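**Q** Sequence:
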Amino acid sequence: MKNILFLTDFSESSMEAIHYVCTMFSKEDKNYFILNVSKAGSLSLSSLMSSESIYDTVIRDNKEKLKIIKHTLEEQYKTNFKVSIRFNSFIDAVEEYVSKHNIDLIVSGFDGANSIEEKIFGSNTLNLIRSLETDTLIVPQEVTHATTNSVLCLLDEQDNLRIVLKKPFLKDKKLNIVRIVNNGNYSEASKDQFLVKEHSNVDYKVIANIPMEYVKSYEMQTKSIDLSVLLVQESSVLERLFTDNSTTKISKSLLKPILILHQ
Numbered sequence: 001m002k003n004i005l006f007l008t009d010f011s012e013s014s015m016e017a018i019h020y021v022c023t024m025f026s027k028e029d030k031n032y033f034i035l036n037v038s039k040a041g042s043l044s045l046s047s048l049m050s051s052e053s054i055y056d057t058v059i060r061d062n063k064e065k066l067k068i069i070k071h072t073l074e075e076q077y078k079t080n081f082k083v084s085i086r087f088n089s090f091i092d093a094v095e096e097y098v099s100k101h102n103i104d105l106i107v108s109g110f111d112g113a114n115s116i117e118e119k120i121f122g123s124n125t126l127n128l129i130r131s132l133e134t135d136t137l138i139v140p141q142e143v144t145h146a147t148t149n150s151v152l153c154l155l156d157e158q159d160n161l162r163i164v165l166k167k168p169f170l171k172d173k174k175l176n177i178v179r180i181v182n183n184g185n186y187s188e189a190s191k192d193q194f195l196v197k198e199h200s201n202v203d204y205k206v207i208a209n210i211p212m213e214y215v216k217s218y219e220m221q222t223k224s225i226d227l228s229v230l231l232v233q234e235s236s237v238l239e240r241l242f243t244d245n246s247t248t249k250i251s252k253s254l255l256k257p258i259l260i261l262h263q
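Mind the numbering: the sequence shown is residues 1 to 263 in full-length UniProt numbering, read in order.
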């Protein structure tokens, strides 16, 4: 996890996500990138053809904002930040940037103000997760501290636990691993006991025939969890976890950051 990309729309939540990650990795050598993607779809042809088009105005204003952010962050964290702006499709812009800079982790903020389908698992982040296999960290606004001592890892019956255990970032964490099994499929669970022996601090259990969202809610309420980890083979696991819930329930479930890993 060397190259980290922050996505910003200049909102408070996106800035707090940057501070969260920079504080968390303050003692580690990381390469930080900040990307703003401005929307081109809302501009009319006449606007684009004007002497000083909306395009020029938006680019100029956002470049100035990025310049200020870069200066402020470099002063605070004593490290370099590379800032960029794209005027393109959100997914295309991020995908190109991730490939060009060998990004290991994408960081996105969440303010919890509106529908989760619109703000997190909608046209931006969910499509990003569908399109890219880069690990993604979603940081809710007003996270009080940037420690990740205790991590909750939710696995379905097909998830490969080894993917979690081999992440250097999680090596020294307290891992609370819950394997959720349906239809009596214990094939992966049977391998887990050998894998957890490689980690020094693991609380492992298997739960049968209980929906993942209920398990997550219970674990978050009964344990001191700093970060949740989900392994996804496709976006459906996220949709199962966060749909069919009220906005209030969803927002409460996102009081702590979620790290999404791909298999």
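Be careful, since some hints might not be right.
In the BS3-like style, the derived pairs of lysine-lysine whose C-alpha atoms are separated by at most 30 Å in a straight line are [what the hints assert, rightly or not]:
| # | residue 1 | residue 2 |
| --- | --- | --- |
| 1 | Lys-197 | Lys-2 |
| 2 | Lys-30 | Lys-174 |
| 3 | Lys-65 | Lys-100 |
| 4 | Lys-256 | Lys-223 |
| 5 | Lys-205 | Lys-171 |
| 6 | Lys-197 | Lys-174 |
| 7 | Lys-27 | Lys-65 |
| 8 | Lys-27 | Lys-2 |
| 9 | Lys-100 | Lys-63 |
| 10 | Lys-166 | Lys-100 |
| 11 | Lys-205 | Lys-173 |
| 12 | Lys-197 | Lys-166 |
| 13 | Lys-67 | Lys-30 |
| 14 | Lys-82 | Lys-65 |
| 15 | Lys-191 | Lys-166 |
| 16 | Lys-197 | Lys-173 |
| 17 | Lys-171 | Lys-191 |
| 18 | Lys-65 | Lys-173 |
| 19 | Lys-30 | Lys-171 |
| 20 | Lys-167 | Lys-256 |
| 21 | Lys-30 | Lys-205 |
| 22 | Lys-100 | Lys-78 |
| 23 | Lys-191 | Lys-223 |
| 24 | Lys-205 | Lys-256 |
| 25 | Lys-82 | Lys-63 |
| 26 | Lys-166 | Lys-205 |
| 27 | Lys-174 | Lys-100 |
| 28 | Lys-67 | Lys-171 |
| 29 | Lys-67 | Lys-27 |
| 30 | Lys-166 | Lys-67 |
Just so you know, the hints here were simulated from the structure itself, not pulled from any lab data.
What you are looking at is a predicted structure, and each value in this text was computed from that prediction instead of being measured.
**Q** Could you run down the list of hints and mark each one as holding or not?
**A** Each hint tested on the structure:
{"no.": "1", "hint": "Lys-197 x Lys-2", "in the structure": "27 Å, holds"}
{"no.": "2", "hint": "Lys-30 x Lys-174", "in the structure": "23 Å, holds"}
{"no.": "3", "hint": "Lys-65 x Lys-100", "in the structure": "23 Å, holds"}
{"no.": "4", "hint": "Lys-256 x Lys-223", "in the structure": "12 Å, holds"}
{"no.": "5", "hint": "Lys-205 x Lys-171", "in the structure": "19 Å, holds"}
{"no.": "6", "hint": "Lys-197 x Lys-174", "in the structure": "13 Å, holds"}
{"no.": "7", "hint": "Lys-27 x Lys-65", "in the structure": "27 Å, holds"}
{"no.": "8", "hint": "Lys-27 x Lys-2", "in the structure": "13 Å, holds"}
{"no.": "9", "hint": "Lys-100 x Lys-63", "in the structure": "20 Å, holds"}
{"no.": "10", "hint": "Lys-166 x Lys-100", "in the structure": "25 Å, holds"}
{"no.": "11", "hint": "Lys-205 x Lys-173", "in the structure": "17 Å, holds"}
{"no.": "12", "hint": "Lys-197 x Lys-166", "in the structure": "13 Å, holds"}
{"no.": "13", "hint": "Lys-67 x Lys-30", "in the structure": "20 Å, holds"}
{"no.": "14", "hint": "Lys-82 x Lys-65", "in the structure": "13 Å, holds"}
{"no.": "15", "hint": "Lys-191 x Lys-166", "in the structure": "15 Å, holds"}
{"no.": "16", "hint": "Lys-197 x Lys-173", "in the structure": "14 Å, holds"}
{"no.": "17", "hint": "Lys-171 x Lys-191", "in the structure": "19 Å, holds"}
{"no.": "18", "hint": "Lys-65 x Lys-173", "in the structure": "36 Å, violated"}
{"no.": "19", "hint": "Lys-30 x Lys-171", "in the structure": "17 Å, holds"}
{"no.": "20", "hint": "Lys-167 x Lys-256", "in the structure": "20 Å, holds"}
{"no.": "21", "hint": "Lys-30 x Lys-205", "in the structure": "34 Å, violated"}
{"no.": "22", "hint": "Lys-100 x Lys-78", "in the structure": "25 Å, holds"}
{"no.": "23", "hint": "Lys-191 x Lys-223", "in the structure": "25 Å, holds"}
{"no.": "24", "hint": "Lys-205 x Lys-256", "in the structure": "22 Å, holds"}
{"no.": "25", "hint": "Lys-82 x Lys-63", "in the structure": "12 Å, holds"}
{"no.": "26", "hint": "Lys-166 x Lys-205", "in the structure": "19 Å, holds"}
{"no.": "27", "hint": "Lys-174 x Lys-100", "in the structure": "34 Å, violated"}
{"no.": "28", "hint": "Lys-67 x Lys-171", "in the structure": "35 Å, violated"}
{"no.": "29", "hint": "Lys-67 x Lys-27", "in the structure": "24 Å, holds"}
{"no.": "30", "hint": "Lys-166 x Lys-67", "in the structure": "37 Å, violated"}
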